[in-house]
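Asks: Construct all of the structure, not just a fragment, from the sequences and the given hints.
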Amino acid sequence: MNFSTIFLIQIVITILFSICATIYDVKRNYVPELLCYILVVFGLVSNLIFSLISNNIKFILASFISMLITYLITYLLWKLEMWGGGDVRLFTGIATVIPSGLNIDFLNIFPVLSIYPFSFSVVVNSILVSFPFLVIFVTYVMIKGDMFKRNTDILFNIFNINSLKLIQKNTLNKTVPINDLKEGNILNNYYFNN
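If you're matching positions, the sequence shown starts at 324 in my numbering and goes up one per residue.
Treat the hints as calculated values from the structure; they're not laboratory data.
Note that the structure is a prediction, hence the values are computed from the model and not measured.
There's no promise every hint is true.
Calculated lysine-lysine pairs in the DSS-like style (CA-CA distance at most 27 Å, straight line) [said to hold, decoys possible]:
| hint | residue 1 | residue 2 |
| --- | --- | --- |
| 1 | K497 | K402 |
| 2 | K381 | K402 |
| 3 | K488 | K467 |
| 4 | K381 | K497 |
| 5 | K381 | K492 |
| 6 | K402 | K350 |
| 7 | K350 | K497 |
| 8 | K505 | K381 |
| 9 | K492 | K505 |
| 10 | K350 | K492 |
| 11 | K381 | K467 |
| 12 | K467 | K497 |
| 13 | K505 | K402 |
| 14 | K467 | K492 |
Replies: Written out as structure tokens, the structure reads:
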């Protein structure tokens with residue numbers, strides 16, 4: 324078994340874990356922590372095995388550094404309320420398993436050399452891919468709702484910080500009863516009814 328086959332196994336397992344996380348996220352609105360932690364452990368163990376087989380520390384070192392950098396970037400996005408906690412864990416797991424561009428000889432897939440890690444390009448590309456859908460979603464919710472009827476200045480001054488906060492409040496937040504809260508939900512405000 325050569326390195327290309329092991330790299331391919333890593334990719335297939337990462338895709339399977341990502342599909343499972345997507346199914347959980349769509350059906351239950353959260354990604355299980357255990358799923359992401361298993362992916363992180365698999366990435367560390369598989370890259371440790373690479374390092375031991377090849378007598379080269381670069382595999383486990385790249386995996387650990389990629390995990391740390393990706394976690395810090397995605398955690399920052401979570402703190403800015405752009406992503407959920409499941410996204411942080413899942414991207415950290417993906418970055419741990421696939422820390423650099425993969426070289427799969429028999430499929431003629433060769434990495435493009437760059438100055439930044441492969442996992443960073445995955446995070447940036449996922450933001451770029453999801454941005455148009457987010458814009459379409461926010462636009463749909465704004466038009467569907469009565470936000471413009473109450474606040475006509477948003478139409479003319481959309482990039483004002485107050486307008487952006489109002490758009491976030493009216494489109495990206497929803498009110499749920501306390502009994503319906505699930506792990507991973509982010510609370511902006513809470514109110515108690517007597």
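Asks: Compare the structure with each hint and give your call.
Replies: Going down the list of hints, with the structure as the test:
1. With a CA separation close to 18 Å, the supplied pair K497 and K402 stays within the 27 Å bound.
2. Distance check on the hinted pair: K381 and K402 sit about 31 Å apart at the alpha-carbon level, beyond 27 Å; violated.
3. The hinted pair formed by K488 and K467 meets the criterion: a straight-line CA distance of about 18 Å does not exceed 27 Å.
4. In summary, the hint linking K381 to K497 is not supported, as the alpha carbons are separated by about 46 Å, beyond the 27 Å threshold.
5. Restraint check for K381 and K492: not satisfied, since their Cα atoms lie roughly 45 Å apart, outside the 27 Å limit.
6. Among the hinted pairs, K402 with K350 is consistent with the structure: their alpha-carbon atoms are about 24 Å apart, no more than 27 Å.
7. For the given pair, K350 sits about 18 Å from K497 by alpha-carbon distance, which is consistent with the 27 Å threshold.
8. A hinted pair counts as satisfied when its Cα atoms are at most 27 Å apart, and K505 with K381 does not qualify at roughly 39 Å.
9. Distance hint between K492 and K505 is fulfilled; the C-alpha atoms sit about 20 Å from each other, no more than 27 Å.
10. A hinted pair counts as satisfied when its Cα atoms are at most 27 Å apart, and K350 with K492 qualifies at roughly 24 Å.
11. For the proposed pair K381 and K467, the alpha carbon gap of about 52 Å is over 27 Å, so the pair is violated.
12. In summary, the hint linking K467 to K497 is supported, as the alpha carbons are separated by about 15 Å, within the 27 Å threshold.
13. A hinted pair counts as satisfied when its Cα atoms are at most 27 Å apart, and K505 with K402 qualifies at roughly 18 Å.
14. For the hint pairing K467 with K492, the CA-to-CA distance comes to about 15 Å; that is within 27 Å, so the pair holds.
The earlier numbered hints that this structure contradicts are 2, 4, 5, 8 and 11.
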